[in-house]
Amino acid sequence: TQLLEQSPQFLSIQEGENLTVYCNSSSVFSSLQWYRQEPGEGPVLLVTVVTGGEVKKLKRLTFQFGDARKDSSLHITAAQPGDTGLYLCAAPARQLTFGSGTQLTVLP
Amino acid sequence: EAGVAQSPRYKIIEKRQSVAFWCNPISGHATLYWYQQILGQGPKLLIQFQNNGVVDDSQLPKDRFSAERLKGVDSTLKIQPAKLEDSAVYLCASSLAGRTSYNEQFFGPGTRLTVL
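Here the protein sequences line up with chains A and B, keeping their order. Be aware that the first sequence starts at 1, since it is given in the numbering used here, and climbs by one per residue. Be aware that the second sequence starts at 1, since it is given in the numbering used here, and climbs by one per residue.
Chain A extracted, bound-state conformation (with noise of 0.2 Å):
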């Protein structure tokens, strides 16, 4: 069992649409990230969350830590080809956990 479970695992949209990628555990944690990872690279960190209903903007990137720390959306705004990557959240457990991500295309 994924101790952080992503969904959707794939999808892919039209540039210009919005979209929402969740992240849920049955774990609480004390902080969440998230990463992108373009082909042939490793993962970028682009945001750390670490309070309980916490929102964060990224552009139009728009991260948000649920109330209870178990869970994590991200939504992205006007979605554009440069944005197509596989989104990861991550966890410390007992070391960094990562999801399996959410593999984002944007199509022009």
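Please note that a few of the clues may not be correct.
[As the list claims (entries may be wrong)] Okay, derived cross-link-like pairs now, EDC-like style, lysine to aspartate or glutamate, Cα gap no bigger than 20 Å in a straight line: (1) 70/A to 17/A; (2) 44/B to 104/B; (3) 71/B to 56/B; (4) 15/B to 104/B; (5) 44/B to 17/A; (6) 78/B to 68/B; (7) 44/B to 41/A; (8) 44/B to 38/A; (9) 57/A to 104/B; (10) 71/B to 14/B; (11) 44/B to 68/B; (12) 62/B to 85/B; (13) 71/B to 57/B; (14) 11/B to 5/A; (15) 57/A to 17/A; (16) 44/B to 56/B; (17) 78/B to 56/B; (18) 56/A to 104/B.
What the hints contain is simulated information worked out from the structure, not anything from laboratory work.
Using the hints, position chain B against chain A.
Frame of chain A, contents of chain B only:
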């Protein structure tokens, strides 16, 4: 600032052969990590070093995998002998010393290993 360097970028070997990967972390980063990322999955930590000491190797298959970080800088990860299920991308990351949950990890581009 130079990022995390890894080589080779790609490696194809036959099962039961040996292979080694090299990582040069960001200058000044005391903590170094090796991850295995199987296609369709997120990275899984294999081993974590703090300077040249091992902090966590609980998920390293020690019967075939080994890693070292001599002088607390560069690191090598070795697989001997390789199995088909070792086909994956091997990512190296580094961070400043401190708590994992708050310290940003910087990843290299990875080595894609194919075992035939």
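Okay, the hints, checked on the actual structure:
no., hint, in the structure
1, 70/A to 17/A, "violated (27 Å)"
2, 44/B to 104/B, "holds (16 Å)"
3, 71/B to 56/B, "holds (18 Å)"
4, 15/B to 104/B, "violated (35 Å)"
5, 44/B to 17/A, "violated (32 Å)"
6, 78/B to 68/B, "holds (9 Å)"
7, 44/B to 41/A, "holds (16 Å)"
8, 44/B to 38/A, "holds (17 Å)"
9, 57/A to 104/B, "holds (18 Å)"
10, 71/B to 14/B, "violated (32 Å)"
11, 44/B to 68/B, "holds (18 Å)"
12, 62/B to 85/B, "holds (15 Å)"
13, 71/B to 57/B, "holds (19 Å)"
14, 11/B to 5/A, "violated (31 Å)"
15, 57/A to 17/A, "holds (18 Å)"
16, 44/B to 56/B, "holds (12 Å)"
17, 78/B to 56/B, "holds (17 Å)"
18, 56/A to 104/B, "holds (17 Å)"
This entry does not satisfy hints 1, 4, 5, 10, 14, going by the numbered hints stated previously.
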